[in-house]
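Protein chains: 2
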Amino acid sequence: MSDFRGLIVAVSGPSGVGKGTVLARVEELLEQANPGSVGHSISVTTRAPRGQEQDGVEYYFRTREQFEQMIKDDEIVEYDTYVDNYYGTPAEPLRKMVMKGQDVLFDITIEGSLALNRKFDVDTVTIFILPPSMEELEMRLRGRGTETEEKIQKRLTQAKEEIGRAGEFEYLVTNGDIDTAAREIVAIITAEKLKASKNIDTAKALL
Amino acid sequence: MSDFRGLIVAVSGPSGVGKGTVLARVEELLEQANPGSVGHSISVTTRAPRGQEQDGVEYYFRTREQFEQMIKDDEIVEYDTYVDNYYGTPAEPLRKMVMKGQDVLFDITIEGSLALNRKFDVDTVTIFILPPSMEELEMRLRGRGTETEEKIQKRLTQAKEEIGRAGEFEYLVTNGDIDTAAREIVAIITAEKLKASKNIDTAKALL
Numbered sequence: 001m002s003d004f005r006g007l008i009v010a011v012s013g014p015s016g017v018g019k020g021t022v023l024a025r026v027e028e029l030l031e032q033a034n035p036g037s038v039g040h041s042i043s044v045t046t047r048a049p050r051g052q053e054q055d056g057v058e059y060y061f062r063t064r065e066q067f068e069q070m071i072k073d074d075e076i077v078e079y080d081t082y083v084d085n086y087y088g089t090p091a092e093p094l095r096k097m098v099m100k101g102q103d104v105l106f107d108i109t110i111e112g113s114l115a116l117n118r119k120f121d122v123d124t125v126t127i128f129i130l131p132p133s134m135e136e137l138e139m140r141l142r143g144r145g146t147e148t149e150e151k152i153q154k155r156l157t158q159a160k161e162e163i164g165r166a167g168e169f170e171y172l173v174t175n176g177d178i179d180t181a182a183r184e185i186v187a188i189i190t191a192e193k194l195k196a197s198k199n200i201d202t203a204k205a206l207l
Numbered sequence: 001m002s003d004f005r006g007l008i009v010a011v012s013g014p015s016g017v018g019k020g021t022v023l024a025r026v027e028e029l030l031e032q033a034n035p036g037s038v039g040h041s042i043s044v045t046t047r048a049p050r051g052q053e054q055d056g057v058e059y060y061f062r063t064r065e066q067f068e069q070m071i072k073d074d075e076i077v078e079y080d081t082y083v084d085n086y087y088g089t090p091a092e093p094l095r096k097m098v099m100k101g102q103d104v105l106f107d108i109t110i111e112g113s114l115a116l117n118r119k120f121d122v123d124t125v126t127i128f129i130l131p132p133s134m135e136e137l138e139m140r141l142r143g144r145g146t147e148t149e150e151k152i153q154k155r156l157t158q159a160k161e162e163i164g165r166a167g168e169f170e171y172l173v174t175n176g177d178i179d180t181a182a183r184e185i186v187a188i189i190t191a192e193k194l195k196a197s198k199n200i201d202t203a204k205a206l207l
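First to last, the protein sequences are chains L and F. Residues in the first sequence are numbered from 1 upward in steps of one, following the working numbering. Residues in the second sequence are numbered from 1 upward in steps of one, following the working numbering.
The set of hints was computed from the structure by calculation and includes no laboratory data. Misleading hints may appear alongside valid ones.
Unchecked claim - Here are the simulated lysine-lysine pairs, DSSO-like style, with alpha carbons at most 27 Å apart:
1) F/Lys198 - L/Lys195
2) F/Lys100 - F/Lys154
3) L/Lys204 - L/Lys72
4) F/Lys195 - L/Lys119
5) L/Lys151 - F/Lys204
6) F/Lys96 - F/Lys160
7) F/Lys195 - L/Lys160
8) L/Lys198 - F/Lys204
9) L/Lys119 - L/Lys151
10) L/Lys100 - L/Lys198
11) L/Lys119 - L/Lys198
12) F/Lys72 - F/Lys96
13) F/Lys195 - F/Lys100
14) L/Lys119 - L/Lys195
15) F/Lys100 - F/Lys198
16) F/Lys96 - F/Lys119
17) L/Lys204 - F/Lys154
18) L/Lys195 - L/Lys96
19) L/Lys195 - F/Lys160
20) L/Lys160 - F/Lys198
21) F/Lys96 - F/Lys198
22) L/Lys195 - F/Lys151
23) F/Lys72 - L/Lys198
24) F/Lys198 - L/Lys198
25) L/Lys96 - L/Lys198
26) F/Lys72 - F/Lys119
27) F/Lys100 - F/Lys119
28) L/Lys96 - L/Lys204
29) F/Lys160 - L/Lys198
30) F/Lys204 - L/Lys160
31) F/Lys198 - L/Lys119
32) F/Lys96 - L/Lys154
33) F/Lys72 - F/Lys204
34) L/Lys100 - L/Lys119
35) F/Lys151 - F/Lys72
36) L/Lys154 - L/Lys195
37) F/Lys119 - L/Lys195
38) L/Lys204 - F/Lys151
39) F/Lys195 - F/Lys119
40) L/Lys204 - F/Lys204
Bound-form chain L, shown alone (with noise of 0.2 Å):
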């Protein structure tokens, strides 16, 4: 499988869904596979370092004109502010582990995932985790105990929203046990890059 490029595995789902623990197990399951073949986003910030960050370990750090310069560029494929600073996704470290053969995994808002597909086109697979049923999105929302029920409402009517636009997924997930849906992702994975489209190369080499 190494003569394949890696990955980009865009996965959005409602609050509470479990994308998170899912995406772990993805990761635990690759790297089983085949060590090393995971790669990780580094995003880049115009916040100021904090302790001990270093420059692309847990950001990159770039200056407000460097990070819009990056916009205009077409280098910065997602973005959102945050207290007055910028947070966005880096194009080119992205397209480098790719190339190299790595998978990337992103734990992404439907917006992100979308801009990962039009960007990354071919290299971008989407997947949409769907909750088994409300009742169950419902009660992991609770289990959390942290919320009020103010802001549980809000998350159900936000994920109704949310699942309404999974059909601009490419492929929708159900997480009624984690490693079942870990498993079913990482089949997509395989599958995707068994592509014609994508391996026609190793037919030419034949002839």
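Chain L is fixed; fit chain F onto it per the hints.
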């Protein structure tokens, strides 16, 4: 997974590449995971039954007039003639197996794969199996020990022509190792069923 429709898995590849062996292993893996999940297509023929052969078991036995009517009614997906008799794949039993959630595996010619894909569209996945190298394919053909040098050369020429058409398939799988190739095909089947285009009702049912 039992909520899903079945999938028609059309597998082609050059003579000697090991399609039959790989598909037998795929069937084993699918049946282990989900007993009864693999359906078998029975051909229609105009030849007379022999010995204990029963209609609907070894073949569907039909008259030439019936067969030609089935062609006109678009109820034969693909057919061929051999010793003055028709042999074809009937559409209706396939449709029923898919609706019941059964997967149906075909070891079939390139034209047969493409015909299945045209007829059953979203319910079909087409896979072309490649040898790891032409030298390995030649060794496998010679390993049979039953064919003349002339026939082996003819098969190799034909293999190259067929590999040149690999791009007409959706997925390419290299058969270097039977178990790896079989697991890749199982991953393709899993992923195909998770496509949002086939699966959007799961999301709608939540809302």
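Structure-based check of all given hints:
Taken as a hint, the F/Lys198 and L/Lys195 pair is honoured in the structure, with Cα atoms around 18 Å apart against an allowance of 27 Å. Annotation: proposed proximity of F/Lys100 to F/Lys154 is violated, straight-line Cα distance about 42 Å (limit 27 Å). Pair hint L/Lys204 plus L/Lys72 does not hold up; C-alpha atoms about 38 Å apart against a cutoff of 27 Å. For a cut-off of 27 Å, the pair hint linking F/Lys195 to L/Lys119 stands: about 21 Å separates their Cα positions.
For the hint pairing L/Lys151 with F/Lys204, the CA-to-CA distance comes to about 24 Å; that is within 27 Å, so the pair holds. About 36 Å separates the Cα atoms of F/Lys96 and F/Lys160, which puts this hinted pair outside 27 Å; it is violated. Taken as a hint, the F/Lys195 and L/Lys160 pair is honoured in the structure, with Cα atoms around 20 Å apart against an allowance of 27 Å. Restraint check: the Cα-Cα separation between L/Lys198 and F/Lys204 comes to about 31 Å, which exceeds 27 Å; the hinted pair is violated.
Straight-line distance between C-alpha atoms of L/Lys119 and L/Lys151 comes to about 34 Å, which puts the hinted pair past the 27 Å bound. Of the pairs offered as hints, the one joining L/Lys100 and L/Lys198 holds, with about 15 Å between alpha carbons and a cut-off of 27 Å not exceeded. For the hint pairing L/Lys119 with L/Lys198, the CA-to-CA distance comes to about 17 Å; that is within 27 Å, so the pair holds. For a cut-off of 27 Å, the pair hint linking F/Lys72 to F/Lys96 stands: about 20 Å separates their Cα positions.
Of the supplied pair hints, the one linking F/Lys195 and F/Lys100 holds, its CA atoms being roughly 19 Å apart against a limit of 27 Å. Note on L/Lys119 and L/Lys195: the hinted pairing holds, with a Cα-Cα distance of about 19 Å set against a maximum of 27 Å. Proximity of F/Lys100 to F/Lys198 is assessed by CA-CA distance (about 15 Å); at most 27 Å being required, the pair is judged to hold. Of the supplied pair hints, the one linking F/Lys96 and F/Lys119 holds, its CA atoms being roughly 14 Å apart against a limit of 27 Å.
For the suggested pair L/Lys204 and F/Lys154, the alpha carbons sit about 20 Å apart, so the restraint of at most 27 Å is met. For a cut-off of 27 Å, the pair hint linking L/Lys195 to L/Lys96 stands: about 21 Å separates their Cα positions. This hinted pair checks out: L/Lys195 and F/Lys160 have alpha carbons roughly 20 Å apart, not beyond 27 Å. Using a Cα cut-off of 27 Å, the hinted pair L/Lys160 and F/Lys198 holds, with the two alpha carbons roughly 20 Å apart.
Pair hint F/Lys96 plus F/Lys198 holds up; C-alpha atoms about 17 Å apart against a cutoff of 27 Å. The suggested pairing of L/Lys195 with F/Lys151 is violated, with an alpha-carbon distance near 32 Å, which exceeds 27 Å. Between F/Lys72 and L/Lys198 the alpha-carbon distance is near 38 Å, which puts this suggested pair outside the 27 Å criterion. Using a Cα cut-off of 27 Å, the hinted pair F/Lys198 and L/Lys198 holds, with the two alpha carbons roughly 22 Å apart.
For the given pair, L/Lys96 sits about 17 Å from L/Lys198 by alpha-carbon distance, which is consistent with the 27 Å threshold. Simply put, F/Lys72 and F/Lys119 have alpha-carbon atoms about 14 Å apart, close enough for the 27 Å limit, and the pair holds. Taking the CA atoms of F/Lys100 and F/Lys119, the gap is about 18 Å. The hint holds against a cut of 27 Å. Taking the CA atoms of L/Lys96 and L/Lys204, the gap is near 25 Å; set against the 27 Å cutoff, the hint holds.
Between F/Lys160 and L/Lys198, the direct Cα distance comes to roughly 20 Å. Compliance with the 27 Å bound is thereby established for this hinted pair. Of the supplied pair hints, the one linking F/Lys204 and L/Lys160 holds, its CA atoms being roughly 10 Å apart against a limit of 27 Å. For the suggested pair F/Lys198 and L/Lys119, the alpha carbons sit about 25 Å apart, so the restraint of at most 27 Å is met. A distance of roughly 44 Å separates the Cα atoms of F/Lys96 and L/Lys154; the hinted pair therefore is violated under the 27 Å criterion.
Of the pairs offered as hints, the one joining F/Lys72 and F/Lys204 is violated, with about 38 Å between alpha carbons and a cut-off of 27 Å exceeded. Restraint check for L/Lys100 and L/Lys119: the C-alpha separation of about 18 Å stays at or below 27 Å, so the hint holds. Distance hint between F/Lys151 and F/Lys72 is unfulfilled; the C-alpha atoms sit about 37 Å from each other, more than 27 Å. A hinted pair counts as satisfied when its Cα atoms are at most 27 Å apart, and L/Lys154 with L/Lys195 does not qualify at roughly 40 Å.
For the given pair, F/Lys119 sits about 21 Å from L/Lys195 by alpha-carbon distance, which is consistent with the 27 Å threshold. Between L/Lys204 and F/Lys151 the alpha-carbon distance is near 24 Å, which keeps this suggested pair within the 27 Å criterion. Of the supplied pair hints, the one linking F/Lys195 and F/Lys119 holds, its CA atoms being roughly 19 Å apart against a limit of 27 Å. Between L/Lys204 and F/Lys204 the CA atoms are separated by roughly 42 Å; this puts the pair beyond 27 Å, and the hint is violated.
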